[in-house]
Amino acid sequence: MRREPPQRLGDYGPLFFPAGMLTLFFVVPFATMIAVSFFQREQGGFYTPAFVLDNYARFLSLFFGKVLGFSLFLAVAVAIACVVVGVPFTYLLARSARKMQIAWLVALLSILSLSEVMIGFAWSTLFSRTAGITNLFVWLGLMSQAQALTPSFGAVMTAMTYQAFPYTVLVLYPALVRLDPTLAEAARTLGASPVKAFFTVVVPALRNTILATLIMVFIFALGSYLLPQLLGRPQHWTLSVLITDQAIYQSNMPFAAAMAVFLVLVSLALVGLAVYAGQQKEAK
Amino acid sequence: MTALRRLLFFVVGLFLALPLIVVAGVSINQRQTLAFPPQGFSLAWYGQIFTNPEWRNALVASLTLAATSALLALLIALPLAWFLWRRLAPWANIFQLLGVAPFTLPPVITALGLLTFWATTGLYGQAWTAAISHGIFFVTLPLVTLSLGFSAIDRSLVEAAATMGADDRTIFRTVVLPLILPYIVSGYAFAFVLSLNEYIVAYMTVGFTMETLPIKIFNALRYGYTPTMASVTVLFLVIAAVIFGLVARFGDLPKLLGALSEDK
Amino acid sequence: MSGLILEHVTKQFGTFTAVSDVNLSVADGSFVCLLGPSGCGKTTLMRMIAGLDLPTGGSIRLSGTDITQVPTHKRDLGMVFQSLALFPHLTVGENIAYSLRIRGADKDAQKKRVDELLAMIHLPGFADRSVSKLSGGQRQRVAIARALAISPKLFLLDEPLSALDAKLREAMQVELRQLQQRLGITTIVVTHDQREAMTMADTVVVMNGGEIRQAAAPVDIYRRPADSFVADFIGQTNLLPFETDSAGQAAVLGTSIEGFAPLAGSTKGMLSVRPEDVQLVPAGNGAIPAKVTFVRDLGGTIETFVEAGGQQVIAVSSPRNRPEVQVGQTVGIKLDPATSVVLPK
Chain A
1 MRREPPQRLG
11 DYGPLFFPAG
21 MLTLFFVVPF
31 ATMIAVSFFQ
41 REQGGFYTPA
51 FVLDNYARFL
61 SLFFGKVLGF
71 SLFLAVAVAI
81 ACVVVGVPFT
91 YLLARSARKM
101 QIAWLVALLS
111 ILSLSEVMIG
121 FAWSTLFSRT
131 AGITNLFVWL
141 GLMSQAQALT
151 PSFGAVMTAM
161 TYQAFPYTVL
171 VLYPALVRLD
181 PTLAEAARTL
191 GASPVKAFFT
201 VVVPALRNTI
211 LATLIMVFIF
221 ALGSYLLPQL
231 LGRPQHWTLS
241 VLITDQAIYQ
251 SNMPFAAAMA
261 VFLVLVSLAL
271 VGLAVYAGQQ
281 KEAK
Chain B
285 MTALRRLLFF
295 VVGLFLALPL
305 IVVAGVSINQ
315 RQTLAFPPQG
325 FSLAWYGQIF
335 TNPEWRNALV
345 ASLTLAATSA
355 LLALLIALPL
365 AWFLWRRLAP
375 WANIFQLLGV
385 APFTLPPVIT
395 ALGLLTFWAT
405 TGLYGQAWTA
415 AISHGIFFVT
425 LPLVTLSLGF
435 SAIDRSLVEA
445 AATMGADDRT
455 IFRTVVLPLI
465 LPYIVSGYAF
475 AFVLSLNEYI
485 VAYMTVGFTM
495 ETLPIKIFNA
505 LRYGYTPTMA
515 SVTVLFLVIA
525 AVIFGLVARF
535 GDLPKLLGAL
545 SEDK
Chain C
549 MSGLILEHVT
559 KQFGTFTAVS
569 DVNLSVADGS
579 FVCLLGPSGC
589 GKTTLMRMIA
599 GLDLPTGGSI
609 RLSGTDITQV
619 PTHKRDLGMV
629 FQSLALFPHL
639 TVGENIAYSL
649 RIRGADKDAQ
659 KKRVDELLAM
669 IHLPGFADRS
679 VSKLSGGQRQ
689 RVAIARALAI
699 SPKLFLLDEP
709 LSALDAKLRE
719 AMQVELRQLQ
729 QRLGITTIVV
739 THDQREAMTM
749 ADTVVVMNGG
759 EIRQAAAPVD
769 IYRRPADSFV
779 ADFIGQTNLL
789 PFETDSAGQA
799 AVLGTSIEGF
809 APLAGSTKGM
819 LSVRPEDVQL
829 VPAGNGAIPA
839 KVTFVRDLGG
849 TIETFVEAGG
859 QQVIAVSSPR
869 NRPEVQVGQT
879 VGIKLDPATS
889 VVLPK
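Those protein sequences? They're chains A, B and C, same order as listed. Just so we're aligned: the first sequence equals residues 1 to 284 in the numbering used here. Just so we're aligned: the second sequence equals residues 285 to 548 in the numbering used here. Just so we're aligned: the third sequence equals residues 549 to 893 in the numbering used here.
Bear in mind the hints are in silico, worked out from the structure with no lab data behind them. Please read all numbers here as calculations on a predicted model, not as lab measurements. For each residue, glycine too, the CB sits at the ideal point set by N, CA and C. Any given hint could be a false lead.
To be clear about the criterion: a stretch of chain A counts as covered by chain B if any three or more of its residues have a C-beta under 8 Å from a C-beta of chain B, and this derived list gives those stretches [as the list claims (entries may be wrong)]:
{"id": "1", "stretch": "17 to 31"}
{"id": "2", "stretch": "83 to 91"}
{"id": "3", "stretch": "119 to 126"}
{"id": "4", "stretch": "220 to 230"}
{"id": "5", "stretch": "240 to 246"}
{"id": "6", "stretch": "250 to 261"}
Make the full structure from the sequences, and use the hints.
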């Protein structure tokens, strides 16, 4: 079958419904959000159409700067943690027996799809005083008394890594499965140990994949909207949490919208960078 | 290398399993306490999901939302993926991009966009708006699996059917559809499971009028603990594992996740 | 008028001309091979006959009807694809019955025809097998049976045997030719394998650069090539440039020899001499002087490579006439005007 450009109107038929739905319920809402970000906020949670930059001007505060800085820092930390463990893990997974791969993939998908609410609940339980991991330490004699480990930065970081790890593996998986296995074998015949071959051949060959994955996981972590709120202190709130808070609890839609627009721009720039890194890989 | 692999797999496995083990333990506590190791044994908290009207309503709402929104996502993705495969129209890739965008961007963005949209149109809070919102939000999943499925079809099969006298419609019914069916099923399954678990989009669109299970758990987290939260979490995990397990059993999961997708 | 007639058929992809002004007439019941190197336009030409691509110029007529713009599914064809294109979701029987099923034939008629065809391809009882469980040769036969299910007016095969190993391929060539003769069906095969074309075809159509270079019976293509491309592409040949002086005396490889004349109106030409027509003789006596550079003894034939007038010439002999020569030895070669073909330069 040769693919040909659509000629008659009927050829476009299949496109009508998807294009209409995506335009009406994604493009238009997106545009609405952008519009609202310029609206004037009124007391009592309403807003009136206007064109003001007040909502964006609020970015210039120290508070916002701190939130942004912490969001970026947290996302970077999570991305690095996930990739550092994820690359060797996925490499070994991709070279495991097929049955083993499928079992892991099912488990990873199940955890990835688990609601952020449930992940937050699970970790808050694990870190709690009455049902938490510290009870185990007490039982082992490592601690004298059980204690709560939340709220803390460590708790936020751990739970977010937990959430992003399955995603990391699934992003890396296609590239690592397709990696030519003779690459590492060639290094072995040249005298490199398996571990040395991994670091001197596999990792450099995957440099751009790893970079693209770092960025993808970074954006994923940037989207975490509940874990910092459930497991952290107010100073651990991220941009996503702040947007939710402003939209729902402070009823300040214009400011929430302005922050969301800002988050889109940051994400798009990073997606662009990831795509660029990916293309560098293919160009090589 | 084998020892190293075992160690790494064990550590990662433990990390991934630990919170779930604790939750599973908590879910079988006899009394309404948050305790681990569990004190006593009871499956009452699983019964609660189905007998307590509040939890049951939330479960029904979640299942209804997941079933309808996954169907909508599929109805959007199927003709789009088919068109992109069948026709040479580079400009139409913009819709592919639009389909992938909601899932790539931080979810709070899509959620807020839809919130402002439904609020502006005055439809905010209606149950069906959640189905549309999820349908758009998860259109990525069937779109990706179907694009993969179409690209796996040897185009000469379509030509062969034409030489044997089949017109476009017959070819779609007798050749394309049977070959794409596993991808339709898995695309639907992915969207279904993720919709079941989704919180922020549902919360921002219908959070004040309708309670899905994730919303219910979140509210319960804020207003007081009950072990039913734990039993629901375990139930959802089992549902996801069963569905993905079925997809793996009847389809090619490594291939679906991109293991062979770029050998075109 | 009956048969398949192509007139001025042209196909352009953008600025690239894949097929250029092709005229060809295929008689009913004949077997034609489209032969040429990859990219010569042979597959595009077949796809236009099948309606899978539409020509940008010219017309195609089948049994007197213009089918140039008729969609593929209304042409009543049978086609075997290079990839075979067996439907993986259907059984062997369902594959073969496909064209009958979509035409609404009843179940019994379908089953009867499938059994007939399975018997014809020597795979009786295979109807319920999965196509993925078949060997390469069996898949090949099923693809052929499937294409013949409706007794098509035209049977097209695009590199049908390329996936088979050499031995099986040769056996299938003979089988395919016998089948075609038994059914008397008009058949066109695209191939890049000249042995295959020579084995099966009534008419070999040699293509290059989107054009037909020669269309003739296999023996004529070999013995009387139309140009140096055809001579070189079909079998092995020595292409030797020659020219005549003002007195009309021809010189080949720097030596004047008798009996050769260029084509009318030219003083230059190209001589195509098949290796088996090159005679190795002792040096002198008017023979073209040559030096042996390599001898390849393949058992069934012996190829002697010599250098004459700065060019390599190959001579092939049978073991019975084994030339007793050594590498480095000076010999003479003789060319026979009766078996040499003069081509335009």
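Structure-based check of all given hints:
With 12 residues bearing a CB less than 8 Å from a CB of chain B, the stretch 17 to 31 of chain A meets the requirement of three and the coverage assertion stands. Interface restraint, the stretch 83 to 91 of chain A with chain B: holds (3 residues with C-beta to C-beta distance below 8 Å; minimum three). Here's how the stretch 119 to 126 of chain A fares: 8 of its residues keep a CB closer than 8 Å to some CB of chain B, so the rule of at least three is met and the hint holds. Only residues whose C-beta sits within less than 8 Å of a C-beta in chain B count toward coverage, and the stretch 220 to 230 of chain A has 5 of them, enough to reach three; the restraint holds.
Requiring three or more residues with a Cβ within less than 8 Å of a Cβ of chain B, the coverage given for the stretch 240 to 246 of chain A holds, as 3 such residues are present. Counting residues of the stretch 250 to 261 of chain A whose CB lies closer than 8 Å to any CB of chain B gives 4, which reaches the minimum of 3, so the coverage claim holds.
When each numbered hint is compared with the structure, no violation occurs for any of them.
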